[in-house]
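Visitor: As they're listed, the protein sequences go chains A and B.
Quick note on the working numbering: the first sequence kicks off at 1 and runs consecutively.
Quick note on the working numbering: the second sequence kicks off at 1 and runs consecutively.
It is worth saying that the hints were derived from the structure and are not from the lab.
Warning: the hint list may mix true and false statements.
[Said to hold, decoys possible] Distance windows between CB atoms, simulated:
#1 B:Phe210 - A:Ile20: 51 to 61 angstroms
#2 B:Pro355 - A:Ser70: 33 to 43 angstroms
#3 A:Asn61 - B:Asp376: 56 to 66 angstroms
#4 A:Thr32 - B:Leu334: 20 to 30 angstroms
Quick caveat: nothing in here was measured; it's all calculated off a predicted structure.
Glycine included, C-beta positions come from ideal geometry on N, C-alpha and C.
One letter stands for each residue in the lines below.
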Amino acid sequence: MIKEMICISCPMGCHLSCDITDMNDIKVTGNTCPRGVLYAKDELTQPKRIVTGSMRVVGGNKAMLSVKTSNAIDKHLIFDSLRLLNEIKVNAPIHIGDVMIENVLGTGVNFVATKEIL
Amino acid sequence: MEFKNLVIIGGGPAGLAAAKSAYDSGERDILILERESELGGILNQCIHNGFGLHTFKEELTGPEYAQRYIDEINDRKIEYKLNTTVIDVSRDKIVTYVSSNDGLVEINAKAIIFACGCRERPRGAINIAGMRGAGVYSAGTAQKLVNIDGYMPGKEVVILGSGDIGLIMARRMTFEGAKVKAVIELMPFSAGLNRNIVQCLNDFDIPLHFSHTIVEVVGKDRVESVLVAKVDEKLNPIMETAFSIPCDTILLSVGLLPENELAKNASVELSNITGGAIVDDSMMTNVDGVFQCGNVLHVHDLVDFVSAESEVAGQCAVNYINGKARSAEKIEILTTNGVRYCVPEIILKDNEFKPLALKVRVANVFKKVKLQVLLDDNILISKNRAVVAPGEMENIALTSEQVQKLKTANKIEIKLVSEVL
Ligand SMILES: Cc1cc2nc3c(=O)[nH]c(=O)nc-3n(C[C@H](O)[C@H](O)[C@H](O)COP(=O)(O)OP(=O)(O)OC[C@H]3O[C@@H](n4cnc5c(N)ncnc54)[C@H](O)[C@@H]3O)c2cc1C
Ligand code: SF4
Numbered sequence: 001m002i003k004e005m006i007c008i009s010c011p012m013g014c015h016l017s018c019d020i021t022d023m024n025d026i027k028v029t030g031n032t033c034p035r036g037v038l039y040a041k042d043e044l045t046q047p048k049r050i051v052t053g054s055m056r057v058v059g060g061n062k063a064m065l066s067v068k069t070s071n072a073i074d075k076h077l078i079f080d081s082l083r084l085l086n087e088i089k090v091n092a093p094i095h096i097g098d099v100m101i102e103n104v105l106g107t108g109v110n111f112v113a114t115k116e117i118l
Numbered sequence: 001m002e003f004k005n006l007v008i009i010g011g012g013p014a015g016l017a018a019a020k021s022a023y024d025s026g027e028r029d030i031l032i033l034e035r036e037s038e039l040g041g042i043l044n045q046c047i048h049n050g051f052g053l054h055t056f057k058e059e060l061t062g063p064e065y066a067q068r069y070i071d072e073i074n075d076r077k078i079e080y081k082l083n084t085t086v087i088d089v090s091r092d093k094i095v096t097y098v099s100s101n102d103g104l105v106e107i108n109a110k111a112i113i114f115a116c117g118c119r120e121r122p123r124g125a126i127n128i129a130g131m132r133g134a135g136v137y138s139a140g141t142a143q144k145l146v147n148i149d150g151y152m153p154g155k156e157v158v159i160l161g162s163g164d165i166g167l168i169m170a171r172r173m174t175f176e177g178a179k180v181k182a183v184i185e186l187m188p189f190s191a192g193l194n195r196n197i198v199q200c201l202n203d204f205d206i207p208l209h210f211s212h213t214i215v216e217v218v219g220k221d222r223v224e225s226v227l228v229a230k231v232d233e234k235l236n237p238i239m240e241t242a243f244s245i246p247c248d249t250i251l252l253s254v255g256l257l258p259e260n261e262l263a264k265n266a267s268v269e270l271s272n273i274t275g276g277a278i279v280d281d282s283m284m285t286n287v288d289g290v291f292q293c294g295n296v297l298h299v300h301d302l303v304d305f306v307s308a309e310s311e312v313a314g315q316c317a318v319n320y321i322n323g324k325a326r327s328a329e330k331i332e333i334l335t336t337n338g339v340r341y342c343v344p345e346i347i348l349k350d351n352e353f354k355p356l357a358l359k360v361r362v363a364n365v366f367k368k369v370k371l372q373v374l375l376d377d378n379i380l381i382s383k384n385r386a387v388v389a390p391g392e393m394e395n396i397a398l399t400s401e402q403v404q405k406l407k408t409a410n411k412i413e414i415k416l417v418s419e420v421l
């Protein structure tokens, strides 16, 4: 069986065709780069997303700090992870890459800062 | 009157990349003028990921991508002024700006790069009954409110237009606890990237109604609901199909327009297709020494291509300042058979055989086609495409050898051909 999907690993948005006759040996075509194959396999077995959001800042030159998960996390954890961001405020100064929340929901993935705040 | 070799208008990704490459081409007398209180342009409010995979081989968020370039500017100690708005550019390259620090200042520049981005189509451009009430925002304004100011514009949202900002905001508002009821798109296809439909709408079961429009906004002081109807082939609403969606907020994502009022005053010739200047392969406009790059030239969906294009503009501006003569002979690129435009529009018949990117948009959704570049009716490049769509810019990268062929041709044509033929 062939399943069509769009690779979301980058904005190219390649149209992928995945032969899922054998779920242990998924064959992918239509990808421009190897990330497309990884994406298709993940999406068919365990869909994941990078989550981006923001946190309130105390005492900085900006009201909001933007953050992202350092890696993709399971799709069904998205909303629980976002709730964590609203629970705490963070203190300036903050640098890109600083870990703001460690080990989000036991995934081993961190929320890290994506903006410089003085 | 002050004097500068190179003045760059706008400190977004286009302006920063142009400044960096001008510096690296040997120019030291550079000034960036930026209206906002920080460098980075629209990227500062685009906190989602998906930037820089081509340039940095990693996936960054907007602010991270911007910071990479801001660091490059600071490392080189390139001069920039914030909170500084350019209010006039004259044909003889006098740039007038205002800022609270300097007041009103005139600079006589040898070369100018317009890198001032685009703006959203205003709500006045859309003619819908009742559109005046509170609760109507452009998607970009809402993005700024949520991501920069930390303020949520509403709880129950309908989005008109499926441009990328609208799609990104559908997810963002959902993340912040709002209910996005629907995205309404007039055309039978989306103006946004496919990946954004997947990860911003499908992931959260947000319905996307193609060939529909809002016919009326109900609510006296604040939006209470919208009336949505299907449209026929001529895009006229079919009133019998109308249905109501209760909501307190409408986001408009109905397209971006290059910001070219200043350029017009400087006698820069604009394309009525892109809304930006008509440029040659050095990114120079019809006015000698005036260049354009980034979203002011044509609306890009990928910042990586903005950076690449702007580096060309920066380098060529330095060549111009250094007195490198420009070839008088040029050739216009013909776009036919489903290809809406190509930037640059004009190729100079000089001996600059450097790699070049042709940026192309198609007029409609086509399946199973070849995108071809023909020189004197012979195929130079032919790319197979399962699907092409107006929302996705095609970037045709040419090698030096291919550019040499391009520059010696008498006719250049870009077109789509059906694969079955
Ligand atoms: C919502 C949204 C989502 C996007 N998502 C992605 C994505 O996922 N991946 C991706 O690769 N790309 C994405 N893009 C595209 C990318 O961000 C843009 O193409 C890019 O930012 C354009 O850069 P620019 O420098 O031309 O314009 P801008 O970033 O708009 O910068 C122009 C600058 O000029 C300044 N300016 C304007 N007029 C004046 C004046 N008169 N005087 C002084 N300064 C002035 C402005 O203040 C601004 O800072 C997205 C864009 C938007 C809007
Ligand atoms: S296959 Fe590669 S190029 Fe295509 S969308 Fe996925 S990551 Fe991007």
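Visitor: All hints, please: hold or fail.
Guide: Status of the hints after comparison with the structure:
1. B:Phe210 - A:Ile20: 51 to 61 angstroms: 28 angstroms, violated
2. B:Pro355 - A:Ser70: 33 to 43 angstroms: Since the Cβ atoms of Pro355 (chain B) and Ser70 (chain A) sit about 35 angstroms apart, the hinted range of 33 to 43 angstroms holds.
3. A:Asn61 - B:Asp376: 56 to 66 angstroms: 58 angstroms, holds
4. A:Thr32 - B:Leu334: 20 to 30 angstroms: Given about 28 angstroms between the Cβ atoms, the range holds.
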